[in-house]
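Participant: First to last, the sequence lines map onto chains A and B. Residue numbers 32 to 531, in the working numbering, belong to the letters of the first sequence in order. Residue numbers 26 to 264, in the working numbering, belong to the letters of the second sequence in order.
Heads up, some of the hints might be wrong.
In silico DSS-like pairs for lysine-lysine, Cα to Cα no more than 27 Å straight-line [as the list claims (entries may be wrong)]:
1. K184/A / K65/B
2. K127/B / K58/A
3. K352/A / K130/A
4. K386/A / K58/A
Computed list of chain B residues with no C-beta within reach of chain A, every gap over 10 Å [unchecked claim]:
5. K28
6. I31
7. L63
8. T93
9. G133
10. L135
11. L192
12. L195
13. E225
14. I237
Calculated from the structure, these hints are not laboratory results. Glycine is no exception: its CB is placed at the ideal position from the N, C-alpha and C atoms.
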Amino acid sequence: MVANPILYIALPLFTAFLVPLLAKLWKPLVRIIPGLVLAYLAVMSVVLMQQVGPDKPIITMIAGWKAPWGINLVFTSFSGFIASLISILAFFIWLYSFKFKKVEFDDAQKYFILFMLLTAGSIGVVLTGDIFNMFVFVEITSLSAYALTAFYKGRDGAEAAFKFLLIGSFSSIMLLLGITILYAYTGTLNMAQLAMLMPQVPMHAKIVSFLLFFVALGIEAEMFPLNGWAPDAYSQAPGPIAASFAGILAKAGIYALIRVSYTIFDLGNDGGFELLLVMGLITMVVSELVAMRQENLRRMLAYSSMGQMGLIMIAFGLGTKEGIYAGLFIMFNHAVIKSLLFLASAYLVYYTSRKKISDLDGFGKLLPLTSLLFGLGAFAIVGLPPFSGFWSKLSLLIATADNHMEFVLATILAVSVIEIIYYFRVLGRLYFRKANTEIKVRKPTWNSVVTMISLAIVIIAVGLHPDLITGLLHNAANTLADKAGYIQKIIPDLFSQTLN
Amino acid sequence: MRKLVIISLLLVLGYYLLDTFAGAEFGKDRKVLSNYYLEKSPSELQVANAVTAIVVNFRGFDTLGEVTVLFLAATGMGTILLRRRSKHTGLNPQRTSPEASKIVQAAGKLLFPAIMILGAYVFIHGHLTPGGGFQGGAIIATGFLLLLISYRQFKVEHKYVTWIESLAGLTFVSIGLLGIVLGPHNSFLENFLNVGTLNELTSGGVIALVYIAVGFKVAAELTGILDTLVNIRETGDID
Numbered sequence: 032m033v034a035n036p037i038l039y040i041a042l043p044l045f046t047a048f049l050v051p052l053l054a055k056l057w058k059p060l061v062r063i064i065p066g067l068v069l070a071y072l073a074v075m076s077v078v079l080m081q082q083v084g085p086d087k088p089i090i091t092m093i094a095g096w097k098a099p100w101g102i103n104l105v106f107t108s109f110s111g112f113i114a115s116l117i118s119i120l121a122f123f124i125w126l127y128s129f130k131f132k133k134v135e136f137d138d139a140q141k142y143f144i145l146f147m148l149l150t151a152g153s154i155g156v157v158l159t160g161d162i163f164n165m166f167v168f169v170e171i172t173s174l175s176a177y178a179l180t181a182f183y184k185g186r187d188g189a190e191a192a193f194k195f196l197l198i199g200s201f202s203s204i205m206l207l208l209g210i211t212i213l214y215a216y217t218g219t220l221n222m223a224q225l226a227m228l229m230p231q232v233p234m235h236a237k238i239v240s241f242l243l244f245f246v247a248l249g250i251e252a253e254m255f256p257l258n259g260w261a262p263d264a265y266s267q268a269p270g271p272i273a274a275s276f277a278g279i280l281a282k283a284g285i286y287a288l289i290r291v292s293y294t295i296f297d298l299g300n301d302g303g304f305e306l307l308l309v310m311g312l313i314t315m316v317v318s319e320l321v322a323m324r325q326e327n328l329r330r331m332l333a334y335s336s337m338g339q340m341g342l343i344m345i346a347f348g349l350g351t352k353e354g355i356y357a358g359l360f361i362m363f364n365h366a367v368i369k370s371l372l373f374l375a376s377a378y379l380v381y382y383t384s385r386k387k388i389s390d391l392d393g394f395g396k397l398l399p400l401t402s403l404l405f406g407l408g409a410f411a412i413v414g415l416p417p418f419s420g421f422w423s424k425l426s427l428l429i430a431t432a433d434n435h436m437e438f439v440l441a442t443i444l445a446v447s448v449i450e451i452i453y454y455f456r457v458l459g460r461l462y463f464r465k466a467n468t469e470i471k472v473r474k475p476t477w478n479s480v481v482t483m484i485s486l487a488i489v490i491i492a493v494g495l496h497p498d499l500i501t502g503l504l505h506n507a508a509n510t511l512a513d514k515a516g517y518i519q520k521i522i523p524d525l526f527s528q529t530l531n
Numbered sequence: 026m027r028k029l030v031i032i033s034l035l036l037v038l039g040y041y042l043l044d045t046f047a048g049a050e051f052g053k054d055r056k057v058l059s060n061y062y063l064e065k066s067p068s069e070l071q072v073a074n075a076v077t078a079i080v081v082n083f084r085g086f087d088t089l090g091e092v093t094v095l096f097l098a099a100t101g102m103g104t105i106l107l108r109r110r111s112k113h114t115g116l117n118p119q120r121t122s123p124e125a126s127k128i129v130q131a132a133g134k135l136l137f138p139a140i141m142i143l144g145a146y147v148f149i150h151g152h153l154t155p156g157g158g159f160q161g162g163a164i165i166a167t168g169f170l171l172l173l174i175s176y177r178q179f180k181v182e183h184k185y186v187t188w189i190e191s192l193a194g195l196t197f198v199s200i201g202l203l204g205i206v207l208g209p210h211n212s213f214l215e216n217f218l219n220v221g222t223l224n225e226l227t228s229g230g231v232i233a234l235v236y237i238a239v240g241f242k243v244a245a246e247l248t249g250i251l252d253t254l255v256n257i258r259e260t261g262d263i264d
């Protein structure tokens, strides 16, 4: 098979332009072709992950110009891991949603176009080696996310989308300003060359542009207090889209934030990581406290998702290899587990317009499989053994203990208790309350059952055999920590010039 | 009080931004990227307009992204925009506006073909003269805008808009993919055709073809967006 990282972007774009024509040919193609493309990309991820190693990233030129003259895609053990995660998850979300009832033909066309572009944009953010190109992909990702938020026509959806649009546009402007400053001071847009030239940039310009990046990407990565868009967007978007916001969109946002803070600015000595750590702590504590008070299931999951993003920021804010490892592990788990929770919850609240937790009484008997899978996801996300969430939380706790940050460690543990309280409150309603006899339930379709069970198998398998994934995570963590290696692999000529 | 805090915060932010931008020497010759582009555009690509060479070739990937952004804007527009019915008449405000005068209508009809030709000229000659696909496409869309505002019953056929934008997008990506197969470095969006001679219409290889596709795509999308804005369909749920 042809395995070239450029196909991650080229194929979904091709499909997105092709789908309107396919609709005129034979309508089911609108659902089938995107799935085939995503399946191809998922398989390609596995192939590429076997080729890539810590010392041999796959660097793809575009238009035949080497970096820094042209744009390039950099598939390393780190970026490749996230890109593979996104592409495989995207396939599962397609599998879940291709028969989703509310998606009729006309809408299905729009839905799959937007979903393909959301995926392509997110993978583009992760793989690109050029900072302006990253901006373009952030735009593609956010625009498709706005439109998907308002997918179910109605006032609430439009309001959520409009809110998201306003905050997102603000983020875009900040990002563009930050890029402008960097370009004005260094004369390049290539990330590796930027990283190399960064010591020449005066400190005040560095700080201003870092803060602009931090705010802009913090919005995408759901950092408090910039995450006002998230609860509305998560609760108004269709179920599978909420799952892809958690698993795909937020992952691309946090990746960009990490790439910028670790590789380009490398603020390890100037307090940049402490900023990440503190913001992560605040995000986690506030989100989890708010999550406890939610009565809407989707909103509760959204706040829990932000809490997890806070946890990831804490892990990367430690600035050590163990921290990076833990952060990547949580990213993986969050993508898989939160997707499962959102996908299962879409059936739990199918017929209730307000999606209230109090309407879930006795669903354990009405929808046994969905409730069981939701429960499994809840156990995994709070970090109970033997599920995969346990190992990621444990590795984070060990990493904080190694850094002698007892306060952070204690806070994470305390917040975990809060998490347990609000997830178990839902489980208690599912299993220990009498069902309302008049309630209508929607049985999950076979394809969504397959999706949810596959995700559950991943959670249990990684929980029982964490070595399935730890090798990949260690490679990824080492690659991110090796900044000089990144520069040297991408612009070897310029790198050796500076050494002489 | 709250306003005072906001204003002072904005002033602080403004000061630091001003300070940073004042410190950057804009226009300073860094001899890094610009000279390379200026040198390579005429010599290797045979493209007289260096801006086009940068937009379509050196940074063609960004352009593909921007075209996609426009495509998304056109696709997502209808989902986000809802229009309230007027409480008194129950009609859209736009429908109650009077018909444009005969002078506007006649002039619109007269100008329309000229605008089309100008737009096509701008994007076909994108690699030779200032302008290109985005500019040419925008010019063509203004032609349709003229018809939309002068004739209330004028409707853009969405069927054709969809065909044009899809085919143009497919052309762009296909040219890119052909670069992987046929290009000398096997990379996406790479030139694989004969670059010809500088300053001739057939110079620049795929650059001219890509810009023509971009021209069609931008024209179709902007026209679609204008039409959507003029005739926002009423969907349920409006109270």
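Participant: Now look at each hint and say whether the structure bears it out.
Facilitator: Verification of the hints:
no. : hint            : in the structure
1   : K184/A / K65/B  : violated, 50 Å
2   : K127/B / K58/A  : violated, 44 Å
3   : K352/A / K130/A : violated, 43 Å
4   : K386/A / K58/A  : violated, 32 Å
5   : K28             : holds, 19 Å
6   : I31             : holds, 15 Å
7   : L63             : holds, 12 Å
8   : T93             : violated, 5 Å
9   : G133            : holds, 29 Å
10  : L135            : holds, 34 Å
11  : L192            : violated, 8 Å
12  : L195            : violated, 5 Å
13  : E225            : holds, 22 Å
14  : I237            : holds, 16 Å
Of the numbered hints stated above, those contradicted by the structure are hints 1, 2, 3, 4, 8, 11, 12, listed in ascending order.
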